[in-house]
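Position chain B relative to chain A; hints supplied.
Given next are the chains, with one letter for each unit.
2 protein chains.
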Amino acid sequence: LKVVALAGGTGSAKLLRGLDKLRIDLTVVANVGDNVWMYGLYVCPDIDIACYTLAGVADRARGWGIQGDSHRSLEQLAKLGTPTWFKLGDMDMATCLFRTRLLREGATLTQATRSICSALGVSRNVIPVTDDPVETRIVTPQGDMHLQEFWVRDGGRPSVTRVWYRGARGAMVTEEVKAALEGADRVVLCPANPVTSIGPMLAVPGFRTGLAGCEAKVVALSPMVGTSPFSGPAGKLMKAVGIRADSLGVAKLYSGFLDSLIISDGDVSLKEDIASLGIDCSLADTRMTAASDELRLAKKVLKA
Amino acid sequence: LKVVALAGGTGSAKLLRGLDKLRIDLTVVANVGDNVWMYGLYVCPDIDIACYTLAGVADRARGWGIQGDSHRSLEQLAKLGTPTWFKLGDMDMATCLFRTRLLREGATLTQATRSICSALGVSRNVIPVTDDPVETRIVTPQGDMHLQEFWVRDGGRPSVTRVWYRGARGAMVTEEVKAALEGADRVVLCPANPVTSIGPMLAVPGFRTGLAGCEAKVVALSPMVGTSPFSGPAGKLMKAVGIRADSLGVAKLYSGFLDSLIISDGDVSLKEDIASLGIDCSLADTRMTAASDELRLAKKVLKA
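For the protein sequence lines, the chains are A and B, in the order given. 1 is the number of the first residue of the first sequence in our numbering; add one for each residue after it. 1001 is the number of the first residue of the second sequence in our numbering; add one for each residue after it.
Only chain A is shown next, with the shape it has when bound in the complex (with noise of 0.2 angstroms):
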């Protein structure tokens, strides 16, 4: 079974450790809207965290980064009067070192990313959308910021009155992600933010009408449970470009090419609208505290 998986960071590390269990082909298409460059490097979080948990060396605890990084580089940067909001740890700046001499040295992200996940002996596919610089931009009354800015310097407080993509609109969906996408039996939505992760996809032209128009079924594991994500910001981000922050949101921003939508049994009283959408609708516990509900999750997702 050929799967293409989207995935942005935390919670879709923990479908993609479910389903790199399965025997299945898979790829993991990554969000680069939250690529940042941070300290001089270019630093990819959403691309990383799926090499990492691929690997089998990322921090599970922490949700980002390597298992039992040290902070040397970051604390010294500190002592150097840097500004080091953004954490990155010692092996993790090794990751962003080797990708930013690739890309100077004339390599796409498509083509360093191969490079990383090959010396870290990840064995399935993880291709960014786009080689394109694209960057989500959150709009506040103290200006138009980086997420990362937002989310991380920020913490998620200032009001958010516009998101936007900023390069998306001339950003190409690459040769690789085309053939994914054409090849695939099962697409499948990892849960994940759909304003700061899936959003950047979608608004790279082409990849939305790929997803519709493409054979394979396309599945999506909603990332909220009532009004909350699992993790992150999505429901403030969600209510600023006047989605519903619900699974009923999630359902509108992807209906026009998504078949089916997986939902927490808690938002049952959702079903209906939902299926009025076209998509057909199940109920899960959507939860992954343990190794056993990634699993679980995997294997409905491809049943789905």
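Since the hints were made in silico from the structure, they are not lab data. Treat the hints loosely; a few may be bogus.
What the hints assert, rightly or not - Which chain A residues face chain B? A few, computed with CB under 10 angstroms, are given here:
| # | residue |
| --- | --- |
| 1 | D69 |
| 2 | S70 |
| 3 | H71 |
| 4 | L74 |
| 5 | L80 |
| 6 | T82 |
| 7 | M93 |
| 8 | T95 |
| 9 | R104 |
| 10 | G106 |
| 11 | A107 |
| 12 | R114 |
| 13 | S118 |
| 14 | A119 |
| 15 | R124 |
| 16 | V139 |
Since this is a predicted model, take the numbers as computed values, not measurements. All C-beta atoms in this analysis are idealised placements derived from N, C-alpha and C, irrespective of residue type, glycine included.
Chain B alone, transformed into the frame defined by chain A:
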């Protein structure tokens, strides 16, 4: 007393530590010939060892880097398939990240070095001899290579047919260096490799004449004991460029601007030949094994 110290690496750092204990106005002019792009970062070993030494954080036993540093990033880079023969600690890497970012943002090497010193609490003035890239190149039968490739990667083993300083001809001595030489009461050449530490400085147009023309007395502490340097590849490289590999060779290389040379007690037989070059020559126990040696020799170079 305004003292300008010309400094290379490990040996120079010892004399700098002694000079730093004295009530003098000290400016360190650092070699740039061993600077190298490594892991996508601009590494300046001689500038950094001067800064770390004056900040009191240098790894004294090893002769480079920061005391207590770890190598997590480097180990991870190795896992990613990067050749990691050039050792760089995690904290040391932070310095390089910081500098590389400043340079990419348009700072000169002088400005970046000032920022690093200021952040590390170094009150002494550390300045590179030039803001232009100058690179010590070693020509061997295996090819023309960077000094670091010759010395660190290949362990100084290849035969050497020629040494040259890439970029030197078009480089310019900075205004800061000119002003330091003009205002100096004493110029001290720290014990340093004449070919790879002092040589690149002398190759920058105007620096040698600046030394010859300045009002300050110019004093050097020889890096040689007999035909061996305290550390590093000085002997082999001096022979390769056609200089005697001893303190007389050093004297000949510096004649024209050097007023006084302090050599090892054991080299008393060279004294007359050195004096015949018009250089005042004095003897000392030039080994610096303890802090007391560093202080003793620092006092001696100022009195020479």
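Evaluation of the provided hints:
no.: 1; hint: D69; verdict: 7 angstroms, holds
no.: 2; hint: S70; verdict: 5 angstroms, holds
no.: 3; hint: H71; verdict: 9 angstroms, holds
no.: 4; hint: L74; verdict: 7 angstroms, holds
no.: 5; hint: L80; verdict: 4 angstroms, holds
no.: 6; hint: T82; verdict: 6 angstroms, holds
no.: 7; hint: M93; verdict: 5 angstroms, holds
no.: 8; hint: T95; verdict: 7 angstroms, holds
no.: 9; hint: R104; verdict: 6 angstroms, holds
no.: 10; hint: G106; verdict: 13 angstroms, violated
no.: 11; hint: A107; verdict: 12 angstroms, violated
no.: 12; hint: R114; verdict: 12 angstroms, violated
no.: 13; hint: S118; verdict: 8 angstroms, holds
no.: 14; hint: A119; verdict: 4 angstroms, holds
no.: 15; hint: R124; verdict: 17 angstroms, violated
no.: 16; hint: V139; verdict: 26 angstroms, violated
Taken one by one, the earlier hints fail for this structure at numbers 10, 11, 12, 15 and 16, listed in ascending order.
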